[in-house]
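Asker: Based on these hints, arrange chain B with the ligands on the given structure of chain A.
These protein sequence lines are chains A and B, in that order. To convert, note that position 128 of the first sequence is 1483 in this note's numbering; the numbers rise steadily by one, no gaps. To convert, note that position 114 of the second sequence is 170 in this note's numbering; the numbers rise steadily by one, no gaps.
These are computed hints drawn from the structure, not numbers from a lab. It is possible that part of the hints are untrue.
Claimed, not checked - Listed below are the simulated SDA-like cross-link pairs for lysine to any residue, each with C-alpha atoms no more than 20 Å apart in a straight line:
1. K219(B) to K232(B)
2. K1369(A) to R75(B)
3. K219(B) to G203(B)
4. K76(B) to S1370(A)
5. K232(B) to A1456(A)
6. K1369(A) to T1357(A)
7. K232(B) to H1459(A)
8. K1369(A) to F77(B)
9. K221(B) to H236(B)
10. K76(B) to G1402(A)
11. K232(B) to R1457(A)
12. K128(B) to T98(B)
13. K1468(A) to F1455(A)
All values derive from a computational prediction rather than experimental measurement.
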Amino acid sequence: MTMLQSLKNFVRSKSIHVAYVDVGSCNGCDIEVLACLAPRYDIEQYGIFVHNNPREADVLLVIGAYTPGWEEKLKGLWEKIPDPKAAIAIGNCPISGCLFARPHTLVDPPVAKHIPIAVQVPGCPPRPTEILSAILSVAPTVFKDYEVRK
Amino acid sequence: MPLSLVYYAKEFLRGEWARKFLAAKTAPLEIPPYFRNYPELTGKTCTHHLFCMMACPAPGAIDVISTPEGWKPRIHIGHCIRCGLCVEACPNGVLSSGRILESMFYDNTRLSFSFRIDVDQTKCMGCGNCAVACPVNKLIDAQMSHGGRASTDDLLLKVSEGKCKVLHVEKCTGCKTCEHHCPNEAIRVARLLEAVHAPEEDI
Ligand code: SF4
Ligand code: SF4
Ligand code: SF4
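So here's chain A without its partners, still in its complex pose:
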């Protein structure tokens, strides 16, 4: 990798676009993700831009325990995200199903069965701080060797 390429990768990793998708949660984690946008945590000061367009996203936050309505849809959404990309599981729900993982449940956790998950943030819900540090920790690895891979 040339100097210029690594500089490009570095600059890209400082400007991360995030989309989030709720595949069936109690909304607790959605509220914590929204709290990241508020001035108290202010995710944009780290160069992270949250919107809801998978075609522009680098990082996908997956929230919720995967209800039947998301079969097919989540995979299609994941494929719409251009490379390089990473998915972060937010909360216990996408990891284990949390409180919904009971006998006869309709949910189908973990989400890692359906799309590749790079990072898991456990907690019900996790603190905004934990979500923020998870996004910040994947940001450098997403674009690490993008210039040579491209």
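Answerer: Chain B with the ligands in isolation, oriented as in the chain A frame:
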């Protein structure tokens, strides 16, 4: 015009301003010490009462395992919802999280358990699996035959007239063995958790 450019440069080339503009301004990326995080072991001896497992609302979040040093609760991250109920339920203070133990000490509170057994009479087939499996029954009448019929009324539950009858719900220890052995999901054990203000000598 040149004057305003100079003024502009003077204003924006100040190091302090540039730092403030370019660097992150708030510093929230730390977790306060009072945060109720995943329960941690305090090093006190676990007596295998399993109150932590009974209080835990999250499936698969806690189990108590046997180690060479004795029983030890184990928290499973990704399942635990950090509610702190296990910390409050433990009679020996084996677990701690945030300021739960301190506030329990100052408020003089503890959790007390009681259990309720519901038998859905329309689903119950009277097979007696619950009565035979129940470890409390086993202590009272070790001879209990399959089918759950017995002569004594001291039993916790037994089958009479083709249906399961709960006789002494106060003897239940909340283990849910009956629930797991019922083929028809007819019997349900509810664990009732109550925060009580403990008398002085109890803590
Ligand atoms: S992890 Fe907890 S807070 Fe988050 S969506 Fe699941 S149940 Fe709700
Ligand atoms: S903190 Fe709550 S969810 Fe976690 S192990 Fe204890 S009782 Fe279970
Ligand atoms: S939950 Fe109660 S009734 Fe059921 S097996 Fe255990 S002690 Fe017996």
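Asker: Going through the numbered hints above, which ones does this structure break? Give me the numbers in ascending order.
Answerer: none
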